[in-house]
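So the protein lines, in turn, are chains A and B.
Residue 1 is where the first sequence starts when you use the UniProt record's numbering, and the numbers rise one by one after that.
Residue 1 is where the second sequence starts when you use the UniProt record's numbering, and the numbers rise one by one after that.
What the hints contain is simulated information worked out from the structure, not anything from laboratory work.
Some clues are possibly wrong.
Far from chain A, by Cβ distances over 10 Å, these chain B residues were calculated [unchecked claim]:
(1) Lys-226
(2) Asn-306
(3) Leu-641
(4) Gln-719
Which residues of chain B face chain A? A partial, calculated answer using Cβ under 10 Å [claimed, not checked]:
(5) Leu-217
(6) Ser-221
(7) Gly-222
In this text, a Cβ means the ideal position worked out from N, Cα and C, and glycines have one as well.
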Amino acid sequence: MGRLNSARIGVVTFPGTLDDRDAARAVRLAGGEPVALWHADADLRGVDAVVLPGGFSYGDYLRAGAISRFAPAMSSVVDAARGGMPVLGICNGFQVLTEAHLLPGSMIKNDHLHFVCREQTLVVANANTAWTNEFATGQRITIPLKNQDGQFVADDATLDRLEGEGRVAFRYDGWNPNGSRRDIAGITNEKGNVVGLMPHPEHAVEPGFGPAGADGPHAGTDGLAFFRSVLASLVGA
Amino acid sequence: MTAPASQAARPVLDTVENAEATPEEAQPYGELGLKQDEYQRIRDILGRRPTAAELAMYSVMWSEHCSYKSSKAHLRKFGERVTEEMKRNLLVGIGENAGVVDIGDGWAVTFKVESHNHPSFVEPYQGAATGVGGIVRDIISMGARPTAVMDQLRFGAVDHPDTARVVHGVVSGVGGYGNSLGLPNVGGELVFDSSYQGNPLVNALCLGVLRHEDIHLASASGQGNKVVLFGARTGGDGIGGASILASETFEDGVPAKRPSVQVGDPFMEKVLIECCLELFGADVVEGIQDLGAAGISCATSELASNGDGGMHVDLDDVLLRDPTLNAGEILMSESQERMMAVVRPDKLDQFLAITGRWDVETAVIGEVNGSGRLTIDHHGQRIVDVDPKTVAHEGPVYDRPYARPEWQDGLNANGNIAAGLARPGSGDELRETALRLLGSPNLASKSWVTNQYDRFVQGNTALAQPDDGGVVRVDETTGLGVALATDANGRYGKLDPRTGAALALAEAYRNVATVGAEPLAVTDCLNFGSPEHPDSMWQLVEAIEGLADACQALSVPVTGGNVSLYNGTGEPGQIDSAIHPTPVVGVLGVLDDVRTALPSGWRTEGLSVMLLGTTRDELDGSAWADVVHGHLGGLPPQVDLDAERSLAALLVAARKDELEVAAHDLSEGGLAQAVLEASLRFGVGARIALEGVTGRDKVDPFVALFSESTARVLVAVTQDHEGDLIHLADEYGVPALRLGVTGGDTVEIEGHFEIPLDEARETHEGTLPGIFG
């Protein structure tokens with residue numbers, strides 16, 4: 001990987017995926033080249049990183065992410081991730097990553113039992129991953145959150161380990177919108193190449209269409225740094 | 001499981017031949033909702049008695065829901081009053097699945113609002129969910145990508161024991177289905193009123209985006225073309241009266257009673273959306289129709305009658321979820337998430353490859369032919385042989401009797417002044433009134449509802465609730481997009497349905513202009529009581545007249561919509577026998593760059609707050625009369641469409657000149673509500689003086705604050721643009737004056753009262769969570 005603008009970032013579409021076009025737009029706005037990947041195709045088309053976007057793959061009828069993780073594309077993603085390829089799972093993508101055991105824990109229904117859509121403030125807890133290196137640890141960012149099954153749960157030993165190893169990537173700031181354990185909004189794997197989070201960075205990449213930002217309503221673009229981070233980490237790799 | 005039907009070598013079917021041979025056989029037309037004369041008309045058309053399957057088809061297609069038999073004669077006025085000038089942006093008008101509007105640069109949008117009222121009372125979650133599903137399929141059928149939804153909801157009184165059941169079910173249903181489709185919900189309406197107890201209204205609007213060349217229509221042309229049914233399998237859900245046809249008439253021993261409310265599968269619908277868009281992109285679809293009310297009956301008869309020949313269908317090829325369904329049930333089933341396409345034989349393989357890629361089950365069930373007839377076989381026997389136009393388009397049309405209700409004059413005479421409603425006078429009383437309205441269920445923050453809907457998905461939402469209109473980008477390269485707003489004030493409709501409908505249009509039109517968009521086109525959903533009651537029928541006729549005239553006056557054509565009747569359960573002839581007449585009117589406008597759309601509140605200090613328009617003493621039917629006095633009487637505010645037109649032109653021009661930084665329409669609750677909402681939007685207060693209004697318009701402070709006079713908008717401008725705005729307003733003939741300045745953490749009405757924003761926010765935002773959790 002040499003030049004930034006030649007970085008190819010795959011975006012996987014499962015049946016029921018909703019935010020694939022948004023994720024592709026985010027990659028493009030960050031300066032990368034989005035590459036559409038299809039769930040039924042194991043070929044990752046030579047991409048340098050992969051985004052598993054949000055949605056309701058297979059309707060979430062069994063358990064969020066439980067069916068998608070068996071998709072041929074996921075076998076390749078799991079192999080590539082174990083080899084160090086950056087992978088970002090957003091919302092349903094995060095759920096797929098936990099089902100695929102690339103990240104620990106699981107998501108259950110929000111504690112208040114409603115779907116929740118809001119502009120969510122997060123604290124960056126680990127700015128050393130492939131997807132967060134453009135942030136500073138402790139930085140507060142605002143990106144949209146929207147989910148029904150967003151309550152992150154894991155046993156205490158796992159939670160202790162995640163915290164002890166600095167693998168909590170994001171925490172909810174202020175109100176915890178779904179009852180997630182220890183206010184955890186996103187986590188990373190040991191190597192820092194795989195990150196999953198419930199809120200949606202791809203919806204905060206363009207002035208006019210995101211959450212509120214310093215320059216006014218809908219002006220927030222804090223999500224862009226996720227995609228710039230991965231491009232930077234690929235250049236550095 | 002072995003299906004009983006398959007045990008018989010050749011089931012006894014009511015074939016065309018059998019119908020001819022047994023003319024005297026009694027048929028359950030009454031149970032299917034057909035009148036004696038309607039049944040006789042079917043016999044006259046066919047020259048024999050209908051088969052059981054034909055009877056099923058006619059009964060659903062001639063129902064009020066599908067045939068518009070009570071409203072058709074009046075709905076024509078929408079078309080008759082469309083001038084050539086109004087048509088200039090119309091690519092497809094009334095009559096198709098939805099109208100299509102040219103918005104420039106080769107882009108078009110299609111939009112429509114539809115009702116799913118009755119199912120939503122019976123089973124709120126599925127009723128609302130499938131309401132969203134149905135309107136989304138209408139939009140796909142036009143060849144468009146569904147791009148946004150809005151929902152217009154009306155429930156019974158907040159404190160009625162049944163209301164929470166309906167509210168929770170409907171809101172989760174709209175959200176559960178819409179969120180799963182990846183469609184941003186950009187706004188809507190939420191009203192509580194005891195007139196909707198037992199008759200909640202669940203209307204849903206969908207917007208779609210397409211290129212001009214992508215328009216698809218519902219017609220079956222080209223002999224030899226294949227008729228393809230794809231999507232979900234056909235099951236026994238959503239069959240209303242049809243189950244009466246089962247067991248007795250044709251296949252004995254078959255379970256017949258099934259739920260009559262459809263069950264939605266949003267995952268299937270999402271897959272269907274993407275699959276259809278890929279089919280359109282590959283140019284393998286000649287004609288397409290979604291399956292909604294009346295299922296296969298509707299799709300086959302409409303496709304065939306809009307085409308140039310005939311159609312033959314074999315029901316044995318329909319993929320079934322339940323193999324025991326009989327022919328009538330298959331024809332009437334309203335199983336969701338199904339589409340019917342007409343495909344050229346040489347493109348069939350490519351069509352099947354695409355549906356296969358999306359794992360969408362597909363069956364070729366028939367063929368277009370030159371017979372001019374719609375023929376349907378089942379188990380190798382002819383069970384339907386009809387002229388499709390007689391099913392789809394030539395149903396009965398009624399000129400139902402209508403008359404001004406006896407109670408109407410009394411209602412109109414009992415205005416707020418005649419009734420002696422006490423008006424607040426002191427500062428404390430005005431303050432308390434403002435807070436009571438701000439926290440009342442109909443004026444309180446809707447975020448308890450809208451926070452359960454995804455407004456970010458697709459990344460094109462520029463504005464959503466609580467701004468005046470939903471604003472969505474269409475073209476990523478230029479920022480070209482559309483604004484949508486819907487409105488209907490049932491209380492105004494009750495006082496005067498003609499004016500009420502015009503006011504609904506006026507407000508939606510004003511909302512679209514308030515965000516800065518130029519209004520282009522209209523969709524409507526007319527929710528009324530029983531057409532068989534002259535009172536309700538009068539309300540419907542008056543509302544259509546009022547709306548058609550107002551559309552002409554504002555030069556915005558109705559492009560499509562829906563009528564929902566029988567929304568009443570009371571004793572006929574009484575004042576409370578039906579819901580308030582509720583003509584939901586949606587207006588679509590265009591913006592050259594959606595990023596310049598104006599939010600409904602200010603976020604900086606030191607801006608000048610300006611009032612556009614004139615205030616009169618108009619408080620009959622107002623939120624004040626309702627919330628404070630529980631009173632409804634008198635006449636609604638005047639509708640002044642010339643003033644609305646000038647105001648809208650001014651607002652569009654001001655947005656283009658970037659004169660304003662915020663704009664908010666004045667409606668229910670008047671100026672007080674508007675100033676409080678605009679201040680709460682971004683948590684910046686305002687100091688307002690009423691002397692300008694009270695002096696110029698000769699009204700007292702109470703009227704200035706709470707009157708619901710129309711054609712008024714609040715705008716905020718930087719102080720250096722104040723003069724420009726006044727100058728521009730003068731050019732457009734719109735009265736304008738400065739009310740005050742933004743800033744601080746209170747709303748102060750000088751000389752009268754002051755409300756800290758924290759207190760206002762708690763009042764405004766606490767209501768719905770407090771009631772519904």
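- Against which earlier hints does the structure fall short, listed by number upward? 5, 6 and 7
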